[in-house]
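Q: Dock chain to chain to rebuild the complex, using the hints, since each chain is given by itself in its own frame.
Here the protein sequences line up with chains A and B, keeping their order.
1 is the number of the first residue of the first sequence in the working numbering; add one for each residue after it.
1001 is the number of the first residue of the second sequence in the working numbering; add one for each residue after it.
Everything labelled a hint here was simulated from the structure, so no lab data went into it.
Treat the hints with caution; some may be incorrect.
[Unchecked claim] Straight line, CA to CA, 27 Å or less: simulated BS3-like cross-link-like pairs of lysine-lysine: (1) Lys1160(B) / Lys1132(B); (2) Lys1215(B) / Lys1160(B); (3) Lys1026(B) / Lys7(A); (4) Lys1132(B) / Lys1041(B); (5) Lys7(A) / Lys1049(B); (6) Lys1215(B) / Lys1049(B).
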Amino acid sequence: VSGSRTKPRWRRLVDRVDRSVTPRANAAVRTSAFADLMAARIRLEGQLRRRVERQTAAFWHLLNLPTVSDHRAVRAQLVAIEAQLRALSERLDDAADED
Amino acid sequence: VALPGLVDNLRRDVERSVFRARNGLKYVTGVSRPGVGLTPKHEVWQRGKARLFRYESDQRRRPRPLVITFSIMGRSYVLDLLPGSSFVEWLLEAGHDVFLLDFGVPDQADAGNTLETYVDDYVPRAVRAARKAAGVQDVDLLGYCFGGVLATLAVAADPKLPVRNLAAMATPIDFSGMTGVLQILVRGQLEVDELLDDTGNVPAEAIHRMFRTMKPTAPLASYANLWEQMWNDQFVEGFQAMSRWARDQVPFPGACARQGLELLLRRNLLVEGRVPLGGREVALSSIRQPLLTIVAEHDHLVPPAAARPLADLVGSEDVTELLVPAGHIGLATGRNAVRTTVPGLTAWLEEHDT
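The shape of chain B in the complex, shown without the other chains (with noise of 0.2 Å):
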């Protein structure tokens, strides 16, 4: 090796040293935390914890409004982690008008919300807000994870509901495969009474220890990356914000936990394409609009498996699947959304403006 390799090398050995202390006392100490969810946004509407955002943008460029349901488990600042790396800022620079439903963080007070407090209630409300604000007659829906269920129910329920196309995106509709805490509730070995705490909700750290063990050994991995890469900010940046995200679970409403256990984990009828609420039968036949599915290839929450089948059950005549070479998050925030998902959403949409 020739000498000045040899001190290029060695200078780069140092800085990443003095990087990497920099770096691992700031983590170590809690210090300078990046802010996250920071894109520009205003509340539109609002029922209950439930809040509609409208983001900012002056590149609006579609002819209808993107809502996104976001799922009840999580933060919804997850779509838009950081500037540089966000879901809605891509969205924002493809020239959507984003709209995000957000349903908050539930207390006693939301103890008794169901399912249909989200499909008949929550969800087609904040559809309808969504079209009033943009000043259109009808908007686009893309529902994430467990927000998926909700706007897909949401469709299916209300065949006036102004949505011209649907996209479900790491969607669960078939929970035969579910595991750890899930599998031992679908098993009838637990009871949700048994998880719920004295507001009436599934406690936060329940459903992330419920994570937690779905992969167990993730952390070892994950915190080698960390000590690999603590002399890069922006990689240090980006671990901190997701960790936080990971960690940051919020509590899942007790009666909707119940109701959800036992229509969609142990009878399993999302599969079957017919699920009883608030006293009829929804049925996801009764979705006559375009529809894409965004699955995931690498989810180990919802696998590919779980989510596929519900090309299959809805009655549009228009389908299309995107398979993103992701894993459930990895989805929305990797660099494989801005590389796959964002685009092929778009072009998606674009396809089916008129």
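One chain only, chain A, in its complex shape (with noise of 0.2 Å):
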């Protein structure tokens, strides 16, 4: 009894679908085509995501609460400060691994 013939009935199915369409697929996304879809469609949800970003920050401005780009602000002074303290600690680490 060869092996495939011990698989239930639905997994050979599965399987001769696989055969059919993976070869198909993995050639369909290596074409031009389907390239500039992908570039297409990452430029839109940025644009849309950036859309929806200001309309969102009017209105929460308008009620005087932060907005993500606040909330963004805030985040990059902190980074400055840990960026800082990092390379004032790595100094350290140098100087002591001289010593």
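A: Written out as structure tokens, the structure reads:
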């Protein structure tokens, strides 16, 4: 009895579909049409995200509440402080290594 | 068919149905997720988000430690996935003193990390920290995937780096055959800046999507396998751990992505053997150490054609290739890892002990 005969019928069906679809799907994702589509999708997602952010920011500012971009500005300042602390701590580590 | 055989088959089918139902419920509800990265280890060095871990072992038999440089993409626990199914565990059993360099999860503070951050700073410092922790003169260095690129460049950039033997596992050198989102970036249809999120990094979700589009129908076969093997606790556990890892991507530092796209993808400079880094040119021909390239035969991310050129670019006179009949991840996690990768690597290192 061959290995494939011991497989359940549903599995043989899935394997058949897989064998037929996979090479075509793999070839499709390597075409320039797919690349164009992906690029357009990623660009569109970015534009939508920025538009939603702008419009919700206006709304939250009306209510005198902080927005994502406000949080982002505060986070950028914290990151700058963290970077300075890291540089300082690395310099101390380097000095200790040299000793 | 004899009656006892029929009864046995029936009993087996009923048992499997019960286990299948139990495991299916566990899987769907998300209870009893297997723990990953459980082999005991301790941190020996840290800089920024990068950490160097040393795995506990009472079986160390080799004269020098093996430092593994993991990729900037993905989580390093794939090398220590599950007890009994762990690349690290198999290396420890083979007598290695294993160190793992994990670059951590980049955030906004790491958006400015460049290739030089890793090649000139993290990797050499980690190598020296491992040497110090193990109390030896030099180490063996193993780079995996993009970690192999970083390890190779670090050795090429600093001839004094205390590395005795270099092994590059599934390491991309020729980027000309890249597909999916990478192809879009190479062609200039999209710029890295369009992928960055507000932390200045390429988000983990974008990386997950990039990998998913490379093999779009892969979930069909893997979920069919899961359903067929749902009664098997060990299989379900392995499936859960692996699918968790596949989804569990980390952001990619924005500056490194811009630089990598220009130097490695668009100009494909690694395959020419010379990469400008930190104001000088790093030549792969400066590598004099014995080199082992571990190539995965069925790798769809780093196909053999992308990994093989390294052997001809280094200045080493002693170059060996280990071809493993596995995919990119199976090279370090599947049965081929325990049958071929670990014994092959160990044997090669033993040949190059002196």
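Q: Given the hinted pair Lys1132(B) and Lys1041(B), is their Cα-Cα distance within 27 Å?
A: Distance ~17 Å between Lys1132(B) and Lys1041(B) Cα, so the pair holds.
Q: Going straight from one Cα to the other, do Lys7(A) and Lys1049(B) come out at no more than 27 Å?
A: With a Cα-Cα distance of about 48 Å, the restraint between Lys7(A) and Lys1049(B) is violated, given a limit of 27 Å.
Q: Check the hint pairing Lys1215(B) with Lys1160(B) against an upper bound of 27 Å on the C-alpha distance.
A: violated (41 Å)
Q: Within a Cα-Cα threshold of 27 Å, do Lys1026(B) and Lys7(A) meet the stated pairing?
A: holds (25 Å)
Q: Lys1215(B) and Lys1049(B) were given as a pair; does the straight-line alpha-carbon distance stay at or below 27 Å?
A: Roughly 31 Å separates the two Cα atoms, so the pair is violated.
Q: Please verify whether Lys1160(B) and Lys1132(B) have alpha carbons no more than 27 Å apart.
A: holds (15 Å)
Hint compliance for this structure: hints 2, 5 and 6 are broken, all remaining hints hold.
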